[in-house]
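Protein chains in written order, with our numbering: chain L, 157 to 268; chain W, 3 to 113.
Fair warning: there could be bad hints in the mix.
Which bits of chain W does chain L cover? Going by a derived footprint, with three or more residues having C-beta under 8 Å, they are [claimed, not checked]:
#1 35–46
#2 58–71
With a straight-line Cα cutoff of 30 Å, these simulated DSSO-like cross-link-like pairs (lysine-lysine) come out [unchecked claim]:
#3 LYS192(L) <-> LYS174(L)
#4 LYS61(W) <-> LYS100(W)
#5 LYS175(L) <-> LYS71(W)
#6 LYS71(W) <-> LYS192(L)
#7 LYS61(W) <-> LYS192(L)
#8 LYS59(W) <-> LYS196(L)
#9 LYS197(L) <-> LYS174(L)
#10 LYS174(L) <-> LYS71(W)
#11 LYS197(L) <-> LYS81(W)
#12 LYS197(L) <-> LYS71(W)
#13 LYS174(L) <-> LYS59(W)
Hint data in this document are derived by calculation from the structure and do not stem from the laboratory.
All C-beta atoms in this analysis are idealised placements derived from N, C-alpha and C, irrespective of residue type, glycine included.
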Amino acid sequence: ETGVTQTPRHLVMGMTNKKSLKCEQHLGHNAMYWYKQSAKKPLELMFVYSLEERVENNSVPSRFSPECPNSSHLFLHLHTLQPEDSALYLCASSQDRAFGYTFGSGTRLTVV
Amino acid sequence: EDQVTQSPEALRLQEGESSSLNCSYTVSGLRGLFWYRQDPGKGPEFLFTLYSAGEEKEKERLKATLTKKESFLHITAPKPEDSATYLCAVQMRTSYDKVIFGPGTSLSVIP
Numbered sequence: 157e158t159g160v161t162q163t164p165r166h167l168v169m170g171m172t173n174k175k176s177l178k179c180e181q182h183l184g185h186n187a188m189y190w191y192k193q194s195a196k197k198p199l200e201l202m203f204v205y206s207l208e209e210r211v212e213n214n215s216v217p218s219r220f221s222p223e224c225p226n227s228s229h230l231f232l233h234l235h236t237l238q239p240e241d242s243a244l245y246l247c248a249s250s251q252d253r254a255f256g257y258t259f260g261s262g263t264r265l266t267v268v
Numbered sequence: 003e004d005q006v007t008q009s010p011e012a013l014r015l016q017e018g019e020s021s022s023l024n025c026s027y028t029v030s031g032l033r034g035l036f037w038y039r040q041d042p043g044k045g046p047e048f049l050f051t052l053y054s055a056g057e058e059k060e061k062e063r064l065k066a067t068l069t070k071k072e073s074f075l076h077i078t079a080p081k082p083e084d085s086a087t088y089l090c091a092v093q094m095r096t097s098y099d100k101v102i103f104g105p106g107t108s109l110s111v112i113p
């Protein structure tokens, strides 16, 4: 596979569930990101990892917990979410954080 | 306050009818400006990076330009497959990770 792969593509979860989103990049990039895209709102940066270390946590609620075990994989662990957390969650990667991102296709999350 | 706006919000063009999309920004310091294309149900696809006023980049029917306060994405003789939402994003000079996305312009090209 090439590019940035996200799984699952769609996820429906209850407010008391725990689930995880997975992202894998096959580009040899050294930075990975989680973005949230809600209807009628611009993309919002959630987390940045550079060389597997978190460098940015953009005031995201603790019910979202990122994990970056190596430079190719990124997870977003979800627990006790709210309906307003329903959105498209996008993973992206880049080389050296200074350049344009390569995005995955996203996970469409619905919290019921 | 740092801000990125895009206009128009939506644009309908006949096939072959050239036009321009606008991205205006008010930021304390620009490192780079990015253009992306997003198709429904997919993540954004990187198109261009512009770093300094006067710079231009081209790709097929698209040309991006940059001034000190705005960027334009010119679409020449568009085709229906150019229909998508076009996003611009500004990367701040103060931090690589301070990237502000605009709300996007939804483009529809009618055959």
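Taking the hints in turn, this is what the structure says about them:
1. 35–46: holds (count 6)
2. 58–71: n = 0 at 8 Å, threshold three: violated.
3. LYS192(L) <-> LYS174(L): holds, 18 Å
4. LYS61(W) <-> LYS100(W): holds, 26 Å
5. LYS175(L) <-> LYS71(W): Cα-Cα ~43 Å, so violated.
6. LYS71(W) <-> LYS192(L): Holds - the C-alpha atoms of LYS192(L) and LYS71(W) are around 27 Å apart, at most 30 Å.
7. LYS61(W) <-> LYS192(L): holds, 28 Å
8. LYS59(W) <-> LYS196(L): holds, 28 Å
9. LYS197(L) <-> LYS174(L): Holds, at roughly 26 Å.
10. LYS174(L) <-> LYS71(W): The hint is violated at about 44 Å.
11. LYS197(L) <-> LYS81(W): Between LYS197(L) and LYS81(W) the Cα gap is close to 27 Å, so the pair holds against 30 Å.
12. LYS197(L) <-> LYS71(W): holds, 22 Å
13. LYS174(L) <-> LYS59(W): Answer violated: LYS174(L) to LYS59(W) is near 45 Å, above 30 Å.
When held up to the earlier numbered hints, the structure conflicts with 2, 5, 10, 13 and fits the remainder.
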